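Colleague: One line per chain: the protein sequences are A and B, in this order. For the working numbering, count along the first sequence from 1 and bump the result up by 17. For the working numbering, count along the second sequence from 1 and bump the result up by 50.
Source of the hints: derived by calculation from the structure; they are not laboratory data. From a predicted model like this one, the values you see are computed outputs, not experimental measurements. A virtual CB, placed ideally from N, CA and C, is assigned to each residue, including glycine. Do not take every clue at face value.
Here are some chain B residues pointing at chain A (derived, C-beta under 7 Å) [unchecked claim]:
| id | residue |
| --- | --- |
| 1 | D104 |
| 2 | L105 |
| 3 | S108 |
| 4 | A128 |
| 5 | A130 |
| 6 | T138 |
| 7 | L140 |
| 8 | F142 |
| 9 | G143 |
| 10 | F144 |
| 11 | P156 |
| 12 | R188 |
| 13 | L192 |
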Amino acid sequence: MTLALALCVAACLVVNVALGAIAIHPWAVVGVIGDHLGVGVGGVATLEEDAVIWQIRMPRALLALLVGAGLGIAGAALQGIFRNPLADPGLIGISGGASVGAAAGIVLGVGALGATALPLLAAVGGVVAAGVVYALARHEGRTDVVTLLLTGLAVNAIGAAAVGYLTFAADEDQLQDIVFWMLGSLGGATWETVRVVLPFVLAGLVGIPLFARALNLLTLGEREAAHLGVSTERTRLVLILLCALCAGGAVAAAGVISFIGLIVPHLVRLAAGPDHHVVLPASALGGAALLLLADLGARTLVVPQEMPLGILTGLLGGPFFLWLLHRNRREHGDWG
Amino acid sequence: MIPAALEAVDLSHRIGVRTLVDGVDLTVRCGEVVGLVGPNGAGKSTLLGLLAGDLSPSAGEVRLGGAPLRGRSARSLARARAVLPQRTVLRFGFTAREVVAMGRSPHGRGVAGLGARDHDVVDAQMRRADVAELAGRRFPTLSGGEAARVNLARVLAQETPVLLLDEPTAALDLRHQELVMDLVRELAGEGAAVVVVLHDLNLAAAHCDRIGLMREGRLVACAPPWEALTRARVGEVFDQDVVVTRHPARDRPLVVAAPGVSG
Numbered sequence: 018m019t020l021a022l023a024l025c026v027a028a029c030l031v032v033n034v035a036l037g038a039i040a041i042h043p044w045a046v047v048g049v050i051g052d053h054l055g056v057g058v059g060g061v062a063t064l065e066e067d068a069v070i071w072q073i074r075m076p077r078a079l080l081a082l083l084v085g086a087g088l089g090i091a092g093a094a095l096q097g098i099f100r101n102p103l104a105d106p107g108l109i110g111i112s113g114g115a116s117v118g119a120a121a122g123i124v125l126g127v128g129a130l131g132a133t134a135l136p137l138l139a140a141v142g143g144v145v146a147a148g149v150v151y152a153l154a155r156h157e158g159r160t161d162v163v164t165l166l167l168t169g170l171a172v173n174a175i176g177a178a179a180v181g182y183l184t185f186a187a188d189e190d191q192l193q194d195i196v197f198w199m200l201g202s203l204g205g206a207t208w209e210t211v212r213v214v215l216p217f218v219l220a221g222l223v224g225i226p227l228f229a230r231a232l233n234l235l236t237l238g239e240r241e242a243a244h245l246g247v248s249t250e251r252t253r254l255v256l257i258l259l260c261a262l263c264a265g266g267a268v269a270a271a272g273v274i275s276f277i278g279l280i281v282p283h284l285v286r287l288a289a290g291p292d293h294h295v296v297l298p299a300s301a302l303g304g305a306a307l308l309l310l311a312d313l314g315a316r317t318l319v320v321p322q323e324m325p326l327g328i329l330t331g332l333l334g335g336p337f338f339l340w341l342l343h344r345n346r347r348e349h350g351d352w353g
Numbered sequence: 051m052i053p054a055a056l057e058a059v060d061l062s063h064r065i066g067v068r069t070l071v072d073g074v075d076l077t078v079r080c081g082e083v084v085g086l087v088g089p090n091g092a093g094k095s096t097l098l099g100l101l102a103g104d105l106s107p108s109a110g111e112v113r114l115g116g117a118p119l120r121g122r123s124a125r126s127l128a129r130a131r132a133v134l135p136q137r138t139v140l141r142f143g144f145t146a147r148e149v150v151a152m153g154r155s156p157h158g159r160g161v162a163g164l165g166a167r168d169h170d171v172v173d174a175q176m177r178r179a180d181v182a183e184l185a186g187r188r189f190p191t192l193s194g195g196e197a198a199r200v201n202l203a204r205v206l207a208q209e210t211p212v213l214l215l216d217e218p219t220a221a222l223d224l225r226h227q228e229l230v231m232d233l234v235r236e237l238a239g240e241g242a243a244v245v246v247v248l249h250d251l252n253l254a255a256a257h258c259d260r261i262g263l264m265r266e267g268r269l270v271a272c273a274p275p276w277e278a279l280t281r282a283r284v285g286e287v288f289d290q291d292v293v294v295t296r297h298p299a300r301d302r303p304l305v306v307a308a309p310g311v312s313g
């Protein structure tokens, strides 16, 4: 499953890079990537194609891959922590908190402090929001979905208000930055962006799977997990931090891209069962593949315009979420 | 003297002004089944939570295998005692066998999965709890009684010297109530120390070595069935007039409610 998904991600990457205003033969894409990695594979590309691929499309595709993987794995982990299949970095407020952090960063001009300052601030915003939602939505070791979603809604609303105020307070250039970024787009991707986001997403991709066993046990309940030897408090804290880093980094780079963290783990569970040893890596890979495809759609569906990525994932994710709620209610007789 | 597997020393638990468990002393030895009975809200589950280490006592202490509970890691506790909760809600579609296999996790080393011995233990305990045929079923689709027995198999798979069971028979039909309590006896025969919260006095009378009666947070008595379940004591603890007679098929007390309310 994981191997098949990895191949799928590679294929999506090549297709994403190949298609666009100038279509390039996929084999030539493989050739260019091979060239730059010092491996002699694939076809031959012209210098112009090489520049388009390596300077423009490749960083963007890699950023899509990182952001998708980060959101996918964070979603899978959050669903495990909250013991609830409806948790998602966007719905429960992490993305909202992160966007406040990022917008504040833009307005305060923290970019001058170094390229990592902005994603770091976004991650801090994510952690704070997650902490608030977590503290408010839990009652006696259980998380009630309605409370969870409503708390997320409220935190997102507060976040939106804060971002709104920051937009108001921003000057012309900052305003453009904020708006561009809020719509959720990978359009600004450069190798620099990729380098900055990489450690954040990597923290999640490496750190979160270490908790696969604990997440499996947590699905039984917190007390039950503790009885089976999980230090639940520490586990939850570290996991939420990792998710916030991961999702916060993704938000800082690409704006609020909703539903990836919700849809992907679900599809993975449907296909491969609930074991987090599989669900976590597969959600990362699935998220990467889905976002690569979504970004391809965003770039090519309304040529020569570009559709903001957040709109596209919202269009896909909204109906999926409705279907999920419907199914959940039919099977369990309630919203939880 | 058989060593004490689990001891509570002057154990109390208070929340605000309410005292849920009040100065309980209890010693459970290896090979012994101790039943806890009492009216609703008497503090049975709270006492079990204190014994399990879920709750920190306001006063007194719990000793597990001679060493105080406080300060021990979750993992070291998980190898020393297993806890069966009243009810487990699982929203993710793990199979019954996967749930039972989770019981092996305290014995795992690093990130390695289950070994051959772990799989043997899982299969054996599933047969013991009469859930072998449910192995491939998704846990959320099980009936209450089936889920309760799968959970019991999970607790058994933990292979701990101390077992704390919170109403293991509550969701079960008559046959499975007997099956589970026989199993509890069998485990004690193998050297386990078992504390089991029960609602059914006669189930406790038939299968426990000693019965602890709780009322308003206090352990009123803890004695063998014939001594614990006297008409006067049961009447006082439950505030209900009862008749105590002899079980027609076993030398154990049989308690039934008498018409009318005492006092």
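Colleague: Each of the hints needs a verdict: does it hold here or not?
Modeller: Structure-based check of each hint:
| no. | hint | verdict |
| --- | --- | --- |
| 1 | D104 | holds, 6 Å |
| 2 | L105 | violated, 10 Å |
| 3 | S108 | violated, 19 Å |
| 4 | A128 | holds, 3 Å |
| 5 | A130 | violated, 10 Å |
| 6 | T138 | holds, 6 Å |
| 7 | L140 | holds, 6 Å |
| 8 | F142 | holds, 4 Å |
| 9 | G143 | holds, 5 Å |
| 10 | F144 | holds, 5 Å |
| 11 | P156 | holds, 4 Å |
| 12 | R188 | violated, 9 Å |
| 13 | L192 | violated, 14 Å |
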